[in-house]
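If you read the protein sequences in the order shown, they are chains A and B. For the first sequence, numbering that gives the first Met the number 0 assigns the number 0 to the initial residue and increments by one for each residue that follows. For the second sequence, numbering that gives the first Met the number 0 assigns the number 0 to the initial residue and increments by one for each residue that follows.
Since the hints were derived computationally from the structure, they do not count as laboratory data. Each residue gets a CB set at the ideal place from its N, CA and C atoms; glycine is no exception. Any given hint could turn out to be false.
What the hints assert, rightly or not - Stretch-level coverage of chain A by chain B, calculated; a stretch enters the list once three of its residues show a Cβ under 8 Å from a Cβ in chain B: (1) 80-87; (2) 153-160; (3) 210-220.
Unchecked claim - Straight-line alpha carbon distances no greater than 25 Å define the calculated PhoX-like cross-link-like pairs of lysine-lysine that follow: (4) K241/B / K224/B; (5) K241/B / K176/A; (6) K248/B / K315/A; (7) K315/A / K258/B.
Stated by the list, open to error - Sample of chain A residues lacking proximity to chain B, with all beta carbon distances greater than 12 Å (derived): (8) A1; (9) G29; (10) A41; (11) E49; (12) V53; (13) I148; (14) A163; (15) G164; (16) L169; (17) R185; (18) G192.
Take a look at the letters that make up each chain.
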Amino acid sequence: MAEVLVYVDHVDGAVRKPTLELLTLARRVGEPVAVALGNGAADTAATLAEHGAVKVLTHDASEYADYLVVPKVDALQAAYEAVSPAAVLVPSSAEGKEIAARLALRIGSGIITDAVDLEAGDEGPVATQSVFAASFTTKSRVIKGTPVITVKPNSAAVEAAPAAGAVEALSVSFSEKATGTKVTARTPRESTGRPELTEAAIVVSGGRGVNGAENFSIIEALADSLGAAVGASRAAVDAGWYPHTNQVGQTGKSVSPQLYIANGISGAIQHRAGMQTSKTIVAVNKDAEAPIFELVDYGVVGDLFDVVPQLTEEIKSRKG
Amino acid sequence: MSLRIVVTVKYVPDATGDRHFADDLTVDRDDVDGLLSELDEYAVEQALQIAEDADDAEVTVLTVGPEDAKDALRKALSMGADKAIHVEDDDLHGTDAIGTSLVLAKAIEKAGYDLVISGMASTDGTGGIVPALVAERLGVPQVTLLSEVSVEDSTVKGRRDGDAASEQLEASLPAVVSVTDQSGEARYPSFKGIMAAKKKPVESWDLSDLDIEAEEVGLEGAFTKVDEANERPARTAGTIVKDEGEGGKQLAEFLASQKFI
Ligand SMILES: Cc1cc2nc3c(=O)[nH]c(=O)nc-3n(C[C@H](O)[C@H](O)[C@H](O)COP(=O)(O)OP(=O)(O)OC[C@H]3O[C@@H](n4cnc5c(N)ncnc54)[C@H](O)[C@@H]3O)c2cc1C
Ligand SMILES: Cc1cc2nc3c(=O)[nH]c(=O)nc-3n(C[C@H](O)[C@H](O)[C@H](O)COP(=O)(O)OP(=O)(O)OC[C@H]3O[C@@H](n4cnc5c(N)ncnc54)[C@H](O)[C@@H]3O)c2cc1C
Numbered sequence: 000m001a002e003v004l005v006y007v008d009h010v011d012g013a014v015r016k017p018t019l020e021l022l023t024l025a026r027r028v029g030e031p032v033a034v035a036l037g038n039g040a041a042d043t044a045a046t047l048a049e050h051g052a053v054k055v056l057t058h059d060a061s062e063y064a065d066y067l068v069v070p071k072v073d074a075l076q077a078a079y080e081a082v083s084p085a086a087v088l089v090p091s092s093a094e095g096k097e098i099a100a101r102l103a104l105r106i107g108s109g110i111i112t113d114a115v116d117l118e119a120g121d122e123g124p125v126a127t128q129s130v131f132a133a134s135f136t137t138k139s140r141v142i143k144g145t146p147v148i149t150v151k152p153n154s155a156a157v158e159a160a161p162a163a164g165a166v167e168a169l170s171v172s173f174s175e176k177a178t179g180t181k182v183t184a185r186t187p188r189e190s191t192g193r194p195e196l197t198e199a200a201i202v203v204s205g206g207r208g209v210n211g212a213e214n215f216s217i218i219e220a221l222a223d224s225l226g227a228a229v230g231a232s233r234a235a236v237d238a239g240w241y242p243h244t245n246q247v248g249q250t251g252k253s254v255s256p257q258l259y260i261a262n263g264i265s266g267a268i269q270h271r272a273g274m275q276t277s278k279t280i281v282a283v284n285k286d287a288e289a290p291i292f293e294l295v296d297y298g299v300v301g302d303l304f305d306v307v308p309q310l311t312e313e314i315k316s317r318k319g
Numbered sequence: 000m001s002l003r004i005v006v007t008v009k010y011v012p013d014a015t016g017d018r019h020f021a022d023d024l025t026v027d028r029d030d031v032d033g034l035l036s037e038l039d040e041y042a043v044e045q046a047l048q049i050a051e052d053a054d055d056a057e058v059t060v061l062t063v064g065p066e067d068a069k070d071a072l073r074k075a076l077s078m079g080a081d082k083a084i085h086v087e088d089d090d091l092h093g094t095d096a097i098g099t100s101l102v103l104a105k106a107i108e109k110a111g112y113d114l115v116i117s118g119m120a121s122t123d124g125t126g127g128i129v130p131a132l133v134a135e136r137l138g139v140p141q142v143t144l145l146s147e148v149s150v151e152d153s154t155v156k157g158r159r160d161g162d163a164a165s166e167q168l169e170a171s172l173p174a175v176v177s178v179t180d181q182s183g184e185a186r187y188p189s190f191k192g193i194m195a196a197k198k199k200p201v202e203s204w205d206l207s208d209l210d211i212e213a214e215e216v217g218l219e220g221a222f223t224k225v226d227e228a229n230e231r232p233a234r235t236a237g238t239i240v241k242d243e244g245e246g247g248k249q250l251a252e253f254l255a256s257q258k259f260i
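Based on the sequences and whatever the hints tell you, model everything.
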């Protein structure tokens, strides 16, 4: 069976969930060969093997942390040349898309970004995209070169599928351009202890209706009662009430959880673009005409300062 | 020496309109109003600020798109850009990201540049890959997704806020930059700016001006193919209740019925 390259997104050896989803999808089109780069690359092997990687190509060098994107493109290209895969799959993070795009150009291939599903077709992998703020679904293919496809988080359920996961050192020689953009400082994001927004099964969001940074504690309390991640609309972020990293929408994160609860959010098209594919949508808004109600499975027309705390209490008492 | 800034701007269908696909599965541009992609306004704004801080600078806005795409250029000119380039050719219809990056890179080279500034993503294709592709083609550093940017002594510096960390980046010019919507509100064109824009030069180039063959772009040259585009079925109307004191409890009941609690 043909091999499929899977680019591994990991933090110091801890593999992030979207990569495990990618391995599940990769098995539909071939045998996954994982490429893990940077600090802790070799530590990813056991997890990757558990999820279907027949081989894990690893390489660490200071260039991956010290310079932007290009060293990783050089390495992925080296892996591509070593393996001659039938497709290359990369998680659809901002960086993942840039790596994938430059690789595609170098190897003379097309690229499909932000796929939400992937199937094997007669003429190669078929990718589903959710476009125009999730109002259309398209099916597309790469018709020249080796398909390079980036896949959004939450596009597949993670399935274990033990495989050999033999670790092999990848040999990489960096291009002259690899050191073009220097990373002069890096401030890691502090963990809140809550689930990662794009990976969470439940997301509880607050918008302009939350009316102040201090009131976000109401949103956080609801999130914590459900083990959920916290999201925010751009209006709330722009007002400085919540960090930009929690923004949901076109220019924030796109989320696709089992349950999305929008509180004091009107449902502008750019917000919808980031949450419309959530399985179940719930909203609390005091305006019965708010467009968000067009999307909901369940909506409460009411003041969030009454409804949300009552909901949180009720959840806590039901959970005991 | 003059700092030559080229800003790439895309003409897109209005996101608040009824966007859909034409029969050949490209974006239907006839039924929906087009405009300058709002995310490219941030690129124009940063270009203007960098130009204002430089001793001597010139801001050129560049678009690849149909006849109407001139509207996007006019908007950028009325914000304060100095001149515009419109790459227009019937053979461009249906060009994908790889093809778009080819046309942009050739046009940028022909125009001459020290700095290219792009938006973080278009509001229609939302690929977010064109700046990286253009940097790869030009063989210059990519300094992308910046929420803060400055240029001094032929060096561009900026902050990139990623998922795992916030990074400070630095590269020598020439370089390709892209900026996010966190980089600072874009200015509104003033009346004076709108009037002045009418007199600013807009050059039109076609594929032959850029030594690009028709087969390299358009639907024919595309590296990707859309086989199907289907409108998502409307969500079935949900239950909506008015809070009369029990709204939170009712919502909890719903969540329990769906096994979320
Ligand atoms: C290029 C571009 C990109 C954008 N990207 C994003 C993005 O990524 N994410 C995003 O969210 N937006 C984005 N926006 C902004 C978007 O257009 C909206 O402005 C934004 O989503 C509005 O946020 P909101 O719903 O919180 O605020 P509003 O639209 O002001 O809505 C607030 C809502 O809260 C309700 N409310 C007020 N008080 C209460 C109360 N006490 N109890 C209950 N309800 C209450 C009101 O009835 C109202 O419906 C973008 C815009 C542009 C142009
Ligand atoms: C719904 C949809 C899905 C698509 N999916 C794919 C896909 O998976 N693969 C693919 O190859 N193509 C795809 N395309 C085509 C792609 O959008 C166009 O080729 C487009 O011109 C470049 O990609 P982008 O719009 O995603 O740009 P982005 O990479 O999102 O744009 C980033 C920046 O590049 C600049 N830019 C982009 N296009 C132009 C332009 N024409 N003129 C000037 N500056 C520009 C702007 O500064 C912009 O802010 C898709 C188009 C649509 C409408």
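Consistency of the hints with the structure:
| no. | hint | in the structure |
| --- | --- | --- |
| 1 | 80-87 | violated (count 0) |
| 2 | 153-160 | violated (count 0) |
| 3 | 210-220 | violated (count 0) |
| 4 | K241/B / K224/B | violated (47 Å) |
| 5 | K241/B / K176/A | violated (60 Å) |
| 6 | K248/B / K315/A | holds (11 Å) |
| 7 | K315/A / K258/B | holds (15 Å) |
| 8 | A1 | holds (20 Å) |
| 9 | G29 | holds (19 Å) |
| 10 | A41 | holds (19 Å) |
| 11 | E49 | holds (23 Å) |
| 12 | V53 | holds (28 Å) |
| 13 | I148 | violated (10 Å) |
| 14 | A163 | holds (29 Å) |
| 15 | G164 | holds (24 Å) |
| 16 | L169 | holds (21 Å) |
| 17 | R185 | violated (5 Å) |
| 18 | G192 | holds (16 Å) |
In summary, the structure is inconsistent with hints 1, 2, 3, 4, 5, 13 and 17 from the numbered list given earlier, while agreeing with the others.
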